[in-house]
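Colleague: In this note's numbering, each residue carries its 1-based index in the sequence shown increased by 66.
Treat each hint with caution, since some may be false.
Stated by the list, open to error - Label pairs and their in silico Cβ distance ranges: (1) T186 <-> G314: 52 to 60 Å; (2) T186 <-> A483: 44 to 52 Å; (3) R335 <-> R104: 48 to 56 Å; (4) T343 <-> K384: 35 to 43 Å; (5) E486 <-> K102: 51 to 59 Å; (6) E248 <-> R104: 26 to 34 Å; (7) A339 <-> T445: 21 to 29 Å; (8) D219 <-> D156: 17 to 25 Å.
None of these hints come from the bench; they were simulated from the model.
Glycine included, C-beta positions come from ideal geometry on N, C-alpha and C.
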Amino acid sequence: MTEFRSTRRGLLGLGAVGALAFGLCGEAQAAKLTTKARIVIIGAGAGGATLANRLVERLDGAAITLVDPRREHLYQPGLSLVAAGLKPADYVVSQTTDWLPQGVTLIAEKVAAIDPLAKTVSTESGQRLDYDFLVVAPGLVLDHGAIEGFALDMVGQNGIGALYAGPEHAAKTWQAAQKFTEEGGIGLFTRPATEMKCAGAPLKHTFLIDDIASRGDAKGKYEIHYACPQQMLFSVPIVSEKVRMLFGERKITPHYGQTLTAIDAGAKRATFATMTTDPATGAVVKSTSEMPYDYLHVIPPQRAPEVIRQSGLSWADKWTDQGWVECDMKTLRHLRYPEIFALGDVAGVPKGKTAASVKWQVPVVEDHLIAAIQGREGTAVYDGYTSCPMITRVGRAMLVEFDYHNNLVPSFPGLIAPLEELWISWLMKEVALKATYNAMLRGKA
Numbered sequence: 067m068t069e070f071r072s073t074r075r076g077l078l079g080l081g082a083v084g085a086l087a088f089g090l091c092g093e094a095q096a097a098k099l100t101t102k103a104r105i106v107i108i109g110a111g112a113g114g115a116t117l118a119n120r121l122v123e124r125l126d127g128a129a130i131t132l133v134d135p136r137r138e139h140l141y142q143p144g145l146s147l148v149a150a151g152l153k154p155a156d157y158v159v160s161q162t163t164d165w166l167p168q169g170v171t172l173i174a175e176k177v178a179a180i181d182p183l184a185k186t187v188s189t190e191s192g193q194r195l196d197y198d199f200l201v202v203a204p205g206l207v208l209d210h211g212a213i214e215g216f217a218l219d220m221v222g223q224n225g226i227g228a229l230y231a232g233p234e235h236a237a238k239t240w241q242a243a244q245k246f247t248e249e250g251g252i253g254l255f256t257r258p259a260t261e262m263k264c265a266g267a268p269l270k271h272t273f274l275i276d277d278i279a280s281r282g283d284a285k286g287k288y289e290i291h292y293a294c295p296q297q298m299l300f301s302v303p304i305v306s307e308k309v310r311m312l313f314g315e316r317k318i319t320p321h322y323g324q325t326l327t328a329i330d331a332g333a334k335r336a337t338f339a340t341m342t343t344d345p346a347t348g349a350v351v352k353s354t355s356e357m358p359y360d361y362l363h364v365i366p367p368q369r370a371p372e373v374i375r376q377s378g379l380s381w382a383d384k385w386t387d388q389g390w391v392e393c394d395m396k397t398l399r400h401l402r403y404p405e406i407f408a409l410g411d412v413a414g415v416p417k418g419k420t421a422a423s424v425k426w427q428v429p430v431v432e433d434h435l436i437a438a439i440q441g442r443e444g445t446a447v448y449d450g451y452t453s454c455p456m457i458t459r460v461g462r463a464m465l466v467e468f469d470y471h472n473n474l475v476p477s478f479p480g481l482i483a484p485l486e487e488l489w490i491s492w493l494m495k496e497v498a499l500k501a502t503y504n505a506m507l508r509g510k511a
């Protein structure tokens, strides 16, 4: 991965700190490659926009087409701040077209079908796009319908929050959470059993609301519970243990093996599918349980878009209920269709559903795509780099960076301890990362 390591030379101030924490890097500009290759990118979000900007700088004559119906681009790392009342909803909103370079074509439609054998993409209006190379980067979908009794129009009412649903819902989440921080009661925070974008976000929201409640009128009048389907609080064991210790210090009660399946908004009760282990036999016992709440944070199951799941591009033997794209974990190249690459949330790899991961994935896809145009093999490798500025209270965060192997890979070894709650790590999240994210989108970092 040495080709894409961060460079510290010439970077000054807080922006440099944020850039390094985000895995950004500077690279020498290669000479443009002349080609008539037809490249279709599904999705103009973080992955698609970043790759398009970089390809325009690398290729001369290529036909680059992005397909995405979304008019608004969302800075999704900022949703946690909106849902804690720290940023307004418009902090995370820009226009998709703001980030796209000249020289690419945007088709503002949904993709209706992908035929990897015919090498075509069809849109809802019936347009057929032939491709030589396809990059699949549509993001993921939130399966709110999987939770019985829940609907998005409930967010902000009767103590219900759901920050993942977008800026307006994140702002409404704060309305519900703010009432809890002022009045107290039972706060119930959840996460899904599926893979998910930014797996640290449920913990960030839990920590932030606890911290705000502890400083206000609800002090001494509330309790917080965190329910998760897994048997640990974070996928990296050493980070999970640190979070468990922080939960203990702050009297946040974890509930393991609990998957939210239904809510009764009127009664303010949540139903969970519960999995426990029989201590006598070691067998897994399935049951249901209920928990009351005054504030409930809902994060639904997350899956690949339906068109991906129907396209034949998904894994057949893993994540079968979720549909992530089958690809090599190091090159992000499809294992059965070598002209197809996966990028971002939809990629079926063990880690990497964060914006920081996208930054490390894009140069790898770029390298192998350009190599394929030239008729050679690429050399770049993605090793699962994921960055999570884990907010633990207002003004403090842990800069957690790790790879496929659950190794901590800090950008500042010996300078910023990844498992310490630091002000500088908070500034990276709250101030610096948006600027570096924007630079990433433009292909400039």
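Colleague: State for each hint whether it applies.
Modeller: These are the hints, each one checked on the structure:
1. One distance hint, 52 to 60 Å for the beta-carbon pair T186 and G314, holds here, with the actual separation near 55 Å.
2. Checked against the hint of 44 to 52 Å, the pair T186 and A483 passes, with Cβ atoms roughly 51 Å apart.
3. In this structure the supplied range 48 to 56 Å holds for R335 paired with R104, their Cβ-Cβ distance being about 54 Å.
4. Between T343 and K384, the C-beta spacing of about 23 Å breaks the proposed range 35 to 43 Å.
5. Taking the beta carbon of each, E486 and K102 are about 53 Å apart, inside 51 to 59 Å as hinted.
6. Judged by the Cβ atoms, the range 26 to 34 Å given for E248 and R104 is violated: they are separated by roughly 57 Å.
7. Our hint of 21 to 29 Å for A339 and T445 is violated, since their Cβ atoms are close to 45 Å apart.
8. For the hinted restraint 17 to 25 Å between D219 and D156, the CB-CB distance of approximately 21 Å keeps it satisfied.
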